[in-house]
Each structure stands twice: as structure tokens, then as C-alpha cells.
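Novice: Kindly generate the complete structure, drawing on both the sequences and the hints.
Protein chains in written order, with the working numbering: chain A, 1 to 464; chain B, 1 to 570.
Hints are not guaranteed to be accurate.
Derived Cβ-Cβ restraints for the label pairs, each shown as a range [stated by the list, open to error]:
| hint | chain 1 | residue 1 | chain 2 | residue 2 | range |
| --- | --- | --- | --- | --- | --- |
| 1 | A | Ala143 | B | Lys266 | 35 to 45 Å |
| 2 | B | Pro187 | A | Tyr175 | 52 to 62 Å |
| 3 | A | Lys244 | B | Glu182 | 51 to 61 Å |
| 4 | A | Asn249 | B | Asp36 | 35 to 45 Å |
| 5 | A | Gly87 | B | Lys266 | 52 to 62 Å |
| 6 | A | Arg156 | B | Gly396 | 55 to 65 Å |
| 7 | B | Gln38 | A | Asn249 | 37 to 47 Å |
| 8 | A | Gln40 | B | Asp29 | 49 to 59 Å |
| 9 | B | Ala307 | A | Ser86 | 29 to 39 Å |
| 10 | B | His554 | A | Met217 | 44 to 54 Å |
Now the stretches of chain A that chain B is said to cover, found in silico as 3 or more residues with beta-carbon under 8 Å [to be verified]:
| hint | stretch |
| --- | --- |
| 11 | 17 to 25 |
| 12 | 203 to 211 |
| 13 | 381 to 389 |
| 14 | 422 to 433 |
A short, non-exhaustive set of chain B residues, derived as facing chain A with CB atoms under 7 Å [claimed, not checked]:
| hint | residue |
| --- | --- |
| 15 | Ala119 |
| 16 | Glu181 |
| 17 | Ser229 |
| 18 | Asn231 |
Read the hints as simulated data drawn from the structure, not as lab findings.
All C-beta atoms in this analysis are idealised placements derived from N, C-alpha and C, irrespective of residue type, glycine included.
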Amino acid sequence: MPEQYRLILKNIDQPGYTPDLECYLRHGGYESLKKAIALQPKDLPDGKKQSAQEQIRDDVKASGLRGRGGAGFSAGMKWSFVDRKSGKPIYLICNADESEPGTFKDRQIIHKDPHQLIEGMIISCFANDVKLAYLYIRGEFPAGAKLLNQALAEARAKNFLGKNILGTGYDLEIYVHRGAGAYICGEETGLIESLEGKRAYPRIKPPYFPAILGLYMSPTIVNNVETLCHVKHIIDMGGAAYSKLGTPNNTGTRIVSLSGQVKKPGYYEIEVGKVTIGELIYHSNFGGGLLDGRKLKAVIPGGSSAKVFKAGEKFKLKKKNADGTMTEVETDMLDLPYDFDSLQAAGSMSGSSAIIVMDDSVDVVEVLANLGEFYAHESCGQCTPCREGSLWMSKALHRMTHGHGRKQDADYLVNIAQNIQGRTICAFGEACSWPVLSFVKKFKDEFEAKGAADEARNAGAGPK
Amino acid sequence: MSTQATTETKPTPPPIETVKIKVDGREFDVPKMTPDWQGKLQPTTMLQACQVAGIDVPHYCYHPKLPIAGNCRMCLVEFGTPAMGPDRKPVLNPDGTPKIIKSVLPYEPSSPRGAIACASPISPGMELYPSSEATKQMREGILESLLINHPLDCPICDQAGECKLQEYSVDYGKSASRFVEEKVHKPKQVDLGPRIMLDDERCILCTRCIRFTKDIVGDDKLGIVNRGSYNTIASYPGTKFENNYTLNTVDICPVGALTSKDFRFKMRVWFLKETKSLCTSCGTGCNTIIGSRENVMYRYEPRENDAVNSTWMCDYGRLNYKWINREDRLTQVQGSKLKVQTWANAIQYISEILLRAAAGSVAIVASARQTNEELYLLKKLAAKFNAITDSVPRVGEGDRLLLDPDRNPNSTGSRLIGIAPEKMGSSLPKIADGIRGGSIKTLIVFGEDVTKHGITAELLSQLEHLIVSDILPSATTAAAHYFLPGCAHVEKRGSFVNVKGRVQRFMQALQPKGDARPEWEFLHELVINVTGQNGFVSIEGLFNEMAKEVPAFHGVTWAGLGDAGVTVQI
Chain A
1 MPEQYRLILK
11 NIDQPGYTPD
21 LECYLRHGGY
31 ESLKKAIALQ
41 PKDLPDGKKQ
51 SAQEQIRDDV
61 KASGLRGRGG
71 AGFSAGMKWS
81 FVDRKSGKPI
91 YLICNADESE
101 PGTFKDRQII
111 HKDPHQLIEG
121 MIISCFANDV
131 KLAYLYIRGE
141 FPAGAKLLNQ
151 ALAEARAKNF
161 LGKNILGTGY
171 DLEIYVHRGA
181 GAYICGEETG
191 LIESLEGKRA
201 YPRIKPPYFP
211 AILGLYMSPT
221 IVNNVETLCH
231 VKHIIDMGGA
241 AYSKLGTPNN
251 TGTRIVSLSG
261 QVKKPGYYEI
271 EVGKVTIGEL
281 IYHSNFGGGL
291 LDGRKLKAVI
301 PGGSSAKVFK
311 AGEKFKLKKK
321 NADGTMTEVE
331 TDMLDLPYDF
341 DSLQAAGSMS
351 GSSAIIVMDD
361 SVDVVEVLAN
371 LGEFYAHESC
381 GQCTPCREGS
391 LWMSKALHRM
401 THGHGRKQDA
411 DYLVNIAQNI
421 QGRTICAFGE
431 ACSWPVLSFV
441 KKFKDEFEAK
451 GAADEARNAG
461 AGPK
Chain B
1 MSTQATTETK
11 PTPPPIETVK
21 IKVDGREFDV
31 PKMTPDWQGK
41 LQPTTMLQAC
51 QVAGIDVPHY
61 CYHPKLPIAG
71 NCRMCLVEFG
81 TPAMGPDRKP
91 VLNPDGTPKI
101 IKSVLPYEPS
111 SPRGAIACAS
121 PISPGMELYP
131 SSEATKQMRE
141 GILESLLINH
151 PLDCPICDQA
161 GECKLQEYSV
171 DYGKSASRFV
181 EEKVHKPKQV
191 DLGPRIMLDD
201 ERCILCTRCI
211 RFTKDIVGDD
221 KLGIVNRGSY
231 NTIASYPGTK
241 FENNYTLNTV
251 DICPVGALTS
261 KDFRFKMRVW
271 FLKETKSLCT
281 SCGTGCNTII
291 GSRENVMYRY
301 EPRENDAVNS
311 TWMCDYGRLN
321 YKWINREDRL
331 TQVQGSKLKV
341 QTWANAIQYI
351 SEILLRAAAG
361 SVAIVASARQ
371 TNEELYLLKK
381 LAAKFNAITD
391 SVPRVGEGDR
401 LLLDPDRNPN
411 STGSRLIGIA
421 PEKMGSSLPK
431 IADGIRGGSI
441 KTLIVFGEDV
451 TKHGITAELL
461 SQLEHLIVSD
471 ILPSATTAAA
481 HYFLPGCAHV
491 EKRGSFVNVK
501 GRVQRFMQAL
511 QPKGDARPEW
521 EFLHELVINV
531 TGQNGFVSIE
541 GLFNEMAKEV
551 PAFHGVTWAG
561 LGDAGVTVQI
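Specialist: As C-alpha cells, this is what we get:
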């Protein structure tokens, strides 16, 4: 029976659990930090010594932890790219700019268990010799920022933070920085620019890889809120034990934000890959099914920029047999295990693990017009294809939803989107073109029907 | 690489490390490192590599003298890199050539993916495909995006004729538009600063202007407001864009968004004749291009010279040309003692005066705005009479970029040739005293109003002979017994030496007005008549003769100056 596995959410929403330090300490808080900083240098078989920091970094690598922000990149790898020989300070930034439509997981942690995040951050900073870290929280979360500042003050008072942490000689300061309210501030280099006080224009890579030339042109690690929380649990359990959670290459647990037309929308923590999309939508432990009398039409599986799945869509997934050979298995969209690799193999992504469910009452042209408007509004406008293309698509979709569609608009939209993806400075180009590419391709009949109906109605009606 | 025979005097330069790459299928050895916008060696970019291969990669935001932004995406180029096996050795094709993996979208392996050539470094064995179908398609897409919200008002746009949107549209664009939505409307005729007008609808947001004023001038005044397709260039709220370098943004603006208030609507650029010249407003000697038509000058633009002004010039110098077209220009041979006002007559009279003059009875005030050639001829006259000579110093406020406190274009030349003493102007009181005391009876003044520099009108009236050449009226020209109309630098050829010892030449853009003649021409006649020395009838010969006689110029020739000039020891 598919069930939640509450690792990050363990204490969250439990009766009597409050976000203050005392409550956190009663529940075993900051024990992982104590464990991490107490680690002693270890002798390696080759005679070299491995520092406590290197041990933690190795453990995070061994855990197989992948970033929970959207790209699903290996956290251990990200840390290993950091230029540790530059002589410049290394910065760590917690990306709390949770703004992908459909996503509402990080805010649960921030609001209900901020110390878990702070502990994860301190351990991560310690492991990477970071002396100064920032918690970049989106401007629309004023209450969350206040809570985090309170929590940081509490941690400071108990010397979990500040000078000479718990007598180890390790100094760390964390500052909360509130964003000014833009989706693009969640893009790591846009975030860094914003943190530097500039317009959140993503940087070109090369040369500005954060691990080498990040904040203030220094090596920088940017991790998502949930990712940093997992670091705490990796220290708790050990990387090897953590990697047994979930499925191979898709380890650990993940908080899924489930929204749309299901009976029980909400956030559910699962072992990655152990629950299917269908179970998340229909099982009583999760979404509890669609509203009565409705049929499933479409699912956006990983936040609004992920490519949509159409109900009944089938995918050929490669499955590894016991003898190591691979066989292709036809898999229905609902039977896709909710993990990084399966969704990618199905042509979409788990992104920020936000599932948006749409039933048959939904007009997909309206849905896409809504998404298009969002992306046109949020494009930073730095590079040409996204700046011009996102608004172009939005205007075309607005026209279509206002009675002036054309039959060729389906192809028109796909072509505009194709001219954006892969040609932009940051991944926003994909974020704004993927919904268009997938919706129009998978529901082309509906787009063409709408266009044809408008053309027929407007024929002879004169210019619009 | 071929080994060149080396002479003993020239040491072999250290070999340049190169990288083998292919551009459109042809193999090239490209330097591994290339200077960036600040002249620092950085890994060679795809764009620079294509330049080595002689292939232009279209671009808007990239400018060789500005930090790289990478935002226009026009320079996207399809590329491939050698495949590497697990052993980190290149994978070979059956025919032994290295296997190349073309760049593709990671999620759509059949779609090529480009890299921005301006910011992407090359690597050994890389293949660039700047002429491939995929590259063309990417350019077409970018151009379409840039044009959908562009007003397409070329017929009334000053940039037309030198507009990169026009040029690339012809070269890489589609002829028809499929855009059926309403265009974005943005502010027009924005008064950005005292010299700059902005049309936001024409702007393609390449940020060249922002980077120029921030990173070159150090006046972080421009930025972008609003978001996405509504992005708009603006100056910091409540302020104007008004540093001394604002007009450079008009030059580097690839489209018609930023226009010069001075030049806009004055002349279609394709009518302009372009002449290589120099700015005369200070001792820096910025290289310029004069835009003129039908003997009227319309604008200065900076001309690239990394030894002098990079690709910039200051607004003060750029706009300091109006005097050339002034109505009250002096264009006639005249003078109170000249009855028949012709050149032949004037030269004859003056020659006779000078032939009769005793040593020490003549003084010469020559302008440090005059060319080396003119000063050299005046020096020859001065030597004949052992005359006191000097120039008039002109000092203003300088800045750290281009504007020099010395507002004369040729103070260095004046000193090197021996007209001005080390402290320019220090001999002027001696000349005044000489006139007052009666020892100086003849004064020759070129291009200066000496009444403002201690030689008063009253003193001038005591002279037996006052010979003046200038182009604009002054108290000195009014007092002249013999007046010879000269030329502005745009009306003649010649050379200057800037404050750092750069000898540079300039060409003639306009015909002299009225009877005016280039000073070197009539000075040459006077020198022949008075000293008997025959020089050369061309500016080339004159310069080369001077280079033999003036030690600082030894070894320099007119031809050798080229467009960029030569630095001499000062």
C-alpha cells in the first residue's frame, strides 16, 4: 500500500509541534550538528587523513541526494565543483525563493520547522568551510522571513550559530535576505545578482559558474530549502543508509505538492520512486481521487514549467532485468513512478515536485493562456528569445481565448516556442516554452478546433 | 607555421600557442588566448576564432571594447566537440578522423543547440558551423524576435543606412513577418540627457550603452526598468544622462534607439563622405571620422586607435566643430596696408618686408593648434631673423579617460619643433616688451588673438608690420596690416603630436572657403622667397623633410604614420 514517508515532515503538523527552538530541541534538534562537528579526521587506506568536512561531503555524495529545487542535480557533485583553492571565501546560499507555480513545499518547512532548515544549513556550511551564508527568501513570504530571523536569533543565542560554534572554533553567520518579488530570482545566478543588489538577470555560463564565480565573484553553493534539510538527515542516518530510501539514483524522500482538481490537495512526502503518479492522485493516502463525476484530462508533473502529461498517454520505459539486460515496458502515465529518471524518460520532469491535476472540465487553451501570461510577466527580459517570445506566445494565447483564434495558431505557437528553447541564458527559456510545446502537441485537436471555430464565427465579421 | 628568417637585431617573439579547430569544415590554427575588452589575455572565444578564419559572426550586444553580456543571442553558432571515450581519449571514426559530437538539446537529441560565440571559449578539435542550416535558423529566429516589437520606422530613423537591424535582416532575416499581435508600445522621444534622445521602441536592449557608461566612463547612470518585453532603458530616476562621453552610446547603439540631438534629422548617413581626421579640442588627439556632404561638415565620430582613444571620444570634442561652418569666417586676403587684396600681392609685400627685416626685429606667435608642417615652416622663417617665437597655452580641466588639461592639439609639436619654449607662453611678455621698447618692429601671428595674452591692441598699433593669419575674426585680425585667410584642420592636411608623443596625420574633408588657403602652402612660398630654401610642394615631402631636421621625428615618414600614427620620444 503506497504510504507517505515523513522524514522532513516528521514533526511538521504533529499536535503541539511549534517552530521555536525549545520544541525543536525537545525533538532531538541540533543533535546532527553536534555529531557533524564532532567528527574526527579519519585515516584513509593510502595513509592520508580525511578531514571531518571531507567526510561529510563524501557522505552527501554517497547518499545520492539530488537537488530538490527543480533540476535534480546531484548535491554531492555540486559541492565537489566548488573551487576550494581560489583563496576567496566560499558562500552558501539557501534558495528559499519557492515560486514555481504549483509548488508549496519549502514554505511548510520555513513556517513550521525552520530550525530543521537552519541545522541543515549549518552542517552544509561546516562541510564546505563556509563562514557566511545567506537565506534568500522570496519577497512574498514576509511571515516566513520573520520566522527565520527569529529562529536564527534563537540559534545564535544557543551558539549553534555565530562565533566559535559549540566551542569548535568554527564561525558561521547566516543572514536572511528578502527578494523583491520575481520568479527569476529563483534561478541561481539571478538570485546571486539579486543578492548583490542588482537586477536579477541570470548570468552567462561560461564563465559565471557559481561554484567558481558566484556571489561577489567567489565560489558559491546554492541549494534548495528541502535539499539542505536532507543533509541533516544524511548526517543522522549516514549516507549509505539514506541512499537505501527511495530507488537507485532517485534516493531519499521528497515532498510532493499536489494541487488541482483532486479531493485532497496538499503536500505529501514520499520515498522517491516508490509511489506512482496515479497513486498520488487517486490513493486515499494522497489526493483521494478526482472530484465526483470528473475524468482525468491532464497532469503537469513537476511544476508549471514541466511538460504536461495527457490522460491515457503511454510511454516506453527501459527496465533493467535481473540479468542486467534492458527491456522496454509500455507504461501508462499514471503508472510512472514519481521520481527524477522515470519522468525524464517520459519526456517531462519531476522539477520542483509539484503535481497539478486537471480534469475534463478544463479548457486546455485557457490553462495554457494562464501559464503563458505568467511566464510573459516573469521573463526578466535580458535575452532576446525569451523576452520577445514569452510575450508573443502569451498574446497569441490571449487572442485565442478571446474569440480570435486561427487554425494555424497551433503550429504558430509551437514554432515560437521552438525558437526559444535552448537559445536563452537560463532555463527560463525552457520553462516558458515547454508548457506550450507539450500542451499544443498533445492537445493539438483542441487548439485547432478552437481556432477553426473562431475563424468560422469571425468570417465576414470584418477586421477584429 | 613557416619559420621566418630572423635578423640579429630583432629577437624572435615567443611562439603563440595555438589550438587546431575547424570552421565550416576548414582547419585553422587559432591562438589559444586572445585579448579581451580590457586587453587581458583570455581563452579565445568562438567569435574571435571565426574572425581569425575570416568569417563574420553577426552580433548586437558584443562589442570588442565592452564587457561581454551575451544577451542578444544573435551570435549563436552550432558547434561540435571531439567525442571522448571512457579512457579520456578521442573516439575515432572508421576512417581514422576524430568523431565529433554535435551540440544538441539535452532533452531533444535531434535538435541542434548553439552556443553564444561571444562568450564561449574554443577547445582543441572543436568544430564550428557558422554557416550551417541550424545556425542560420537560430539567427533567423533571433532576428524575428527582435523585429516583432520594433516599429520598423526606417524611413524616419537616423540610424537607417548604418543600422545592424537593417543589415542583418538583409543578410540573415526572413522577408515576411507572421506576427499578427499588437506590438508593445514604449516611450518615444525620451529626453535622456542634454545631448541624447532615446526611442525605446527601437531599442533591442543589448545594454551596450549601460555597460559603456558603467564600465568605461564609471558613471553608472543607465539601467533597465520594467520587466520582460516591457524592459526599457532609462537613466537613474530623476537624473539625466549627462557625462562628457554620452554621445559614444549613439555610436555603439546598433539600432536607432539612441540618437544625437546634434545630428538627428540633419542628414541621411549614406550621403556622408567619410574622412579620417583628428579631434583638435585637446592634446589627446582622438582619431575621428568626419562626416561631410557638399562641403558642409555634419558630424565627428571616433575612429578606433588603441594607442590613443580606443573607440571613444568626448562629447566636448565631438561637438566642437560648429565654428567651422560659422558665417563670419575670414575668407578674404585683406589688411589695412594691402591695397590690392590678392594672394600674389600679399605674398610679395610680406616677402619684401621680411627680406628687409633686421635680425631680432621680428617676433612670431604661432598657435599650438597649427600643424607640425606649418610650425616647421614658421620656424624656418624665425631662424632667418633669430626671431623670438612662442605659442599660447590653453588649459582646462582634464579627466581620467580622454580629455587632457592641455586644450591645444599640438603643444608637443610646437615644443619639439622649437616654436614654443618648454613653458609655453613664457616668451610672450618678452615679445610685448620688445614691441614696447621698439626692438620688435614686425609681428607675425598665426591663429591666436594676442590681445588676450598680454600683447594689447595698443602695442599692436606700435608695430611697423603686423602680419596675421587666422580663420575667425578677433581684435588681432582687426589690427592686421596684412591678413592671410587660413584653413580649419578639416580643410587641409597635416600632422599633430599628442601629449604622449603620438605623431598622427589627418586628411582633408572640405574645400577651403573663399580665398582661404592651407597655411603650409603660402608659408612655403614665403620661406622660398625669404630664405631661398626650396622645400617640397606636397605635404608628404614637407613632412619627410621636417622629419630629417627635427630630431624627435627622425626616421618617421608621412606614409609611415598610416592611419594610427607613430609614437616618438618626447
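Novice: Indicate, hint by hint, whether the structure satisfies it.
Specialist: Status of each hint after checking the structure:
no.: 1; hint: A:Ala143 - B:Lys266: 35 to 45 Å; verdict: violated, 59 Å
no.: 2; hint: B:Pro187 - A:Tyr175: 52 to 62 Å; verdict: violated, 38 Å
no.: 3; hint: A:Lys244 - B:Glu182: 51 to 61 Å; verdict: holds, 57 Å
no.: 4; hint: A:Asn249 - B:Asp36: 35 to 45 Å; verdict: holds, 41 Å
no.: 5; hint: A:Gly87 - B:Lys266: 52 to 62 Å; verdict: holds, 55 Å
no.: 6; hint: A:Arg156 - B:Gly396: 55 to 65 Å; verdict: holds, 57 Å
no.: 7; hint: B:Gln38 - A:Asn249: 37 to 47 Å; verdict: holds, 45 Å
no.: 8; hint: A:Gln40 - B:Asp29: 49 to 59 Å; verdict: holds, 54 Å
no.: 9; hint: B:Ala307 - A:Ser86: 29 to 39 Å; verdict: holds, 35 Å
no.: 10; hint: B:His554 - A:Met217: 44 to 54 Å; verdict: holds, 48 Å
no.: 11; hint: 17 to 25; verdict: violated (count 0)
no.: 12; hint: 203 to 211; verdict: holds (count 3)
no.: 13; hint: 381 to 389; verdict: holds (count 8)
no.: 14; hint: 422 to 433; verdict: holds (count 5)
no.: 15; hint: Ala119; verdict: holds, 5 Å
no.: 16; hint: Glu181; verdict: holds, 4 Å
no.: 17; hint: Ser229; verdict: holds, 4 Å
no.: 18; hint: Asn231; verdict: holds, 4 Å
Taken one by one, the earlier hints fail for this structure at numbers 1, 2 and 11, listed in ascending order.
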